[in-house]
Amino acid sequence: MSAAEPLHYRFPPASAYRLNRCLFALKSDDGFRARFLKDAGAAIREIGLAAADAAALVQGDRDTLLARGAHPYLVFMADLRLRMEREPVTFEYF
Amino acid sequence: MLVGAFACAHTPQLLARPGTEDRDLVLRVHAAFARVKRRLEALRADAIAIVAGDHVEAFFLDAVPALAVYVGAECAGTFGQYRYRFPIHEPLARSIVEQGVERGFDLCYTQSAPLDYAFYVPLYFTMPEPSLPIVPLHVNVYLPPQPTPRRCYEWGGALGAILQGGSERVVLMASGGMSHFPGTDRYASPEFEYDRRLLDTLRAGRGRELAAVTGEELDKMGNIELRTWAVVLGAVGDAKADVYCYEPSWHHGNAVVEWTL
Numbered sequence: 000m001s002a003a004e005p006l007h008y009r010f011p012p013a014s015a016y017r018l019n020r021c022l023f024a025l026k027s028d029d030g031f032r033a034r035f036l037k038d039a040g041a042a043i044r045e046i047g048l049a050a051a052d053a054a055a056l057v058q059g060d061r062d063t064l065l066a067r068g069a070h071p072y073l074v075f076m077a078d079l080r081l082r083m084e085r086e087p088v089t090f091e092y093f
Numbered sequence: 000m001l002v003g004a005f006a007c008a009h010t011p012q013l014l015a016r017p018g019t020e021d022r023d024l025v026l027r028v029h030a031a032f033a034r035v036k037r038r039l040e041a042l043r044a045d046a047i048a049i050v051a052g053d054h055v056e057a058f059f060l061d062a063v064p065a066l067a068v069y070v071g072a073e074c075a076g077t078f079g080q081y082r083y084r085f086p087i088h089e090p091l092a093r094s095i096v097e098q099g100v101e102r103g104f105d106l107c108y109t110q111s112a113p114l115d116y117a118f119y120v121p122l123y124f125t126m127p128e129p130s131l132p133i134v135p136l137h138v139n140v141y142l143p144p145q146p147t148p149r150r151c152y153e154w155g156g157a158l159g160a161i162l163q164g165g166s167e168r169v170v171l172m173a174s175g176g177m178s179h180f181p182g183t184d185r186y187a188s189p190e191f192e193y194d195r196r197l198l199d200t201l202r203a204g205r206g207r208e209l210a211a212v213t214g215e216e217l218d219k220m221g222n223i224e225l226r227t228w229a230v231v232l233g234a235v236g237d238a239k240a241d242v243y244c245y246e247p248s249w250h251h252g253n254a255v256v257e258w259t260l
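Residue numbers (numbering that gives the first Met the number 0), protein chains in the order written: chain A, 0 to 93; chain B, 0 to 260.
Treat the hints with caution; some may be incorrect.
[Said to hold, decoys possible] A few chain B residues that face chain A, going by a derived Cβ cut-off under 7 Å, partial list only: (1) Ala15; (2) Arg102; (3) Phe104; (4) Cys107; (5) Thr183; (6) Ala187.
Calculated directly from the structure, the hints in this document are not laboratory data. Computed from a prediction, not measured in an experiment: that's the story for all the values here. A virtual CB, placed ideally from N, CA and C, is assigned to each residue, including glycine.
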């Protein structure tokens, strides 16, 4: 295996702690997700995100989020849970 | 004593059944789960010890245990619209954590962490009637550095010895796998051939080979969750796998396996 090949799931750098905290809350904290959907800016201030993280999050800029140390699974699930709130999905259709 | 050993996919789409999925494929996996459920009933177990990898639900970056045991009276969690709660076989859980530490595994334990859906999905489909208490056993799979496959296999060896030495009839179940890459560019292109080769190895009773695989290889092959299988393999040794199903969907290699003891 080439050493140059990066892992899909990498060590989350400490610099991305608040960003990952925010994504974790969007995934797993119904109250935070509701506050984010009502007023993303206020919810982001609650976590204390850096401006560049906040901009990437609000724009849904996955590549930038990953480059800044966001965990791919958290990006994926935070996005999925937000989309499910915005456009309800039909489950158990069979 | 250890009376049964299984591995089950926990792909959330098997439970949620959104319109993105192949209905017939999902129903074939459900049929394999139903077979496990019947086997669990026939095995007359006292408890299910279920080994799963947390999806950054119970353990966030505040503390990331490599291996953990739930030792509460019960455990509960949520996943989207689903709410679930299971009684824990507390004496067994406590004995696993105490004896595990005695055997040199520095286990974390929790009496309150939320239960990840990786535990719920297989139990939703396979819980026998009447239902059994569980012991959730956590393996860190998503937050590097994860325990090595060898360490997981060794933990499984100790776990198997602990269970064999006890009076309870326990079924061991790994939750997770096979190849999938959630949150990455590879989501729609798992490594199905890797899965098939590994299943052939397991059918031949060569499960110990998974202990020699590197963490890098598991990551590259979308199989970080096979650490949970490595734990079960450590407990069952060279038993041969009976593959109930292998169903590759557009995003996930879904396998259901029993090791006949």
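We went through each hint and held it up to the structure:
1. Ala15: 5 Å, holds
2. Arg102: For Arg102 of chain B, the interface hint is violated, since the closest Cβ of chain A sits about 29 Å away, which is over 7 Å.
3. Phe104: Interface hint status for Phe104 of chain B: violated (23 Å vs cutoff 7 Å).
4. Cys107: 19 Å, violated
5. Thr183: Holds, because the Cβ-Cβ distance from Thr183 of chain B to chain A comes to roughly 5 Å (cut-off 7 Å).
6. Ala187: 13 Å, violated
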